[in-house]
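Let's have the full structure, built from the sequences with the hints guiding it.
2 protein chains.
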Amino acid sequence: MSFAETFKALSDPARREILLMLRGGKMSAGEIGSHFDMTGATVSYHLSVLKKADLVYETKQKNFVFYELNTSVFEEIMLWFAQFKGENGDENK
Amino acid sequence: MSFAETFKALSDPARREILLMLRGGKMSAGEIGSHFDMTGATVSYHLSVLKKADLVYETKQKNFVFYELNTSVFEEIMLWFAQFKGENGDENK
DNA sequence: AATCTATTTAGAAAATTTTCTAAATATCTT
DNA sequence: AAGATATTTAGAAAATTTTCTAAATAGATT
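Heads up: the protein sequence lines correspond to chains A and B, in order.
In this note's numbering, each residue's number is its place in the first sequence (first place is 1) plus 184.
In this note's numbering, each residue's number is its place in the second sequence (first place is 1) plus 184.
FYI, nobody ran anything at the bench for these hints, they're computed from the structure.
Just so you know, not all the hints are guaranteed correct.
Same chains, same label: a pair holds when it works inside one copy or across any pair of copies.
[As the list claims (entries may be wrong)] List of simulated lysine to any residue pairs, SDA-like, C-alpha gap at most 20 Å:
id : residue 1 : residue 2
1  : Lys-244   : Ala-198
2  : Lys-235   : Gln-245
3  : Lys-269   : Leu-204
4  : Lys-210   : Gln-267
In structure tokens:
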């Protein structure tokens, strides 16, 4: 996992919205797309970005592709942020 | 604070690097700039993005501008991520 | 007040990202 | 196997972001 990819993925509002939607469980690409005012191709692009960032993974069933949150990466991001908690510099004495 | 702005700000590697540098305490714009292979104007642009996202704040002293982490916003970001912890949908029964 | 140092602003160029349309792929149904 | 449904890929256009150079601002020093 690269933080560069992860943060880039999180920087787009549609992609963050997709992640929030997926909290409820798996959704197919089409189901996800129907919540947005963009073409299926564009949604597919966003899903591919989330997938490359390991924020979601996909499973195929029939002619559907289901997307699901990959919660383990969220843990790693939390660790990145934890770097900023406590032990502040010298408090600028 | 808007998450859109915050995540956009975090999506650039130079800006994340600046945040990491600031963990040690306040630094002037020039001091920050000297760690990068880019013009002062470009560094100034990145600092302005971080500032608009409330990730840092500035204080002026003489003809220097010092930048400092605004840790409170990090807490808010952690809250955003907390949305993804536990209480997963229906686990797709 | 002239000059120097530190930083920002303006405007343009370069790079990247987002979006679309059209075509391709893959699986299902008849 | 032909047609229907779901999704992705390719390639181009549109939008946004990043970067630079040059000029502007602001405070400090001579």
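Quick one: which hint numbers does this structure break? Sort them smallest to largest. The structure breaks only hint 1.
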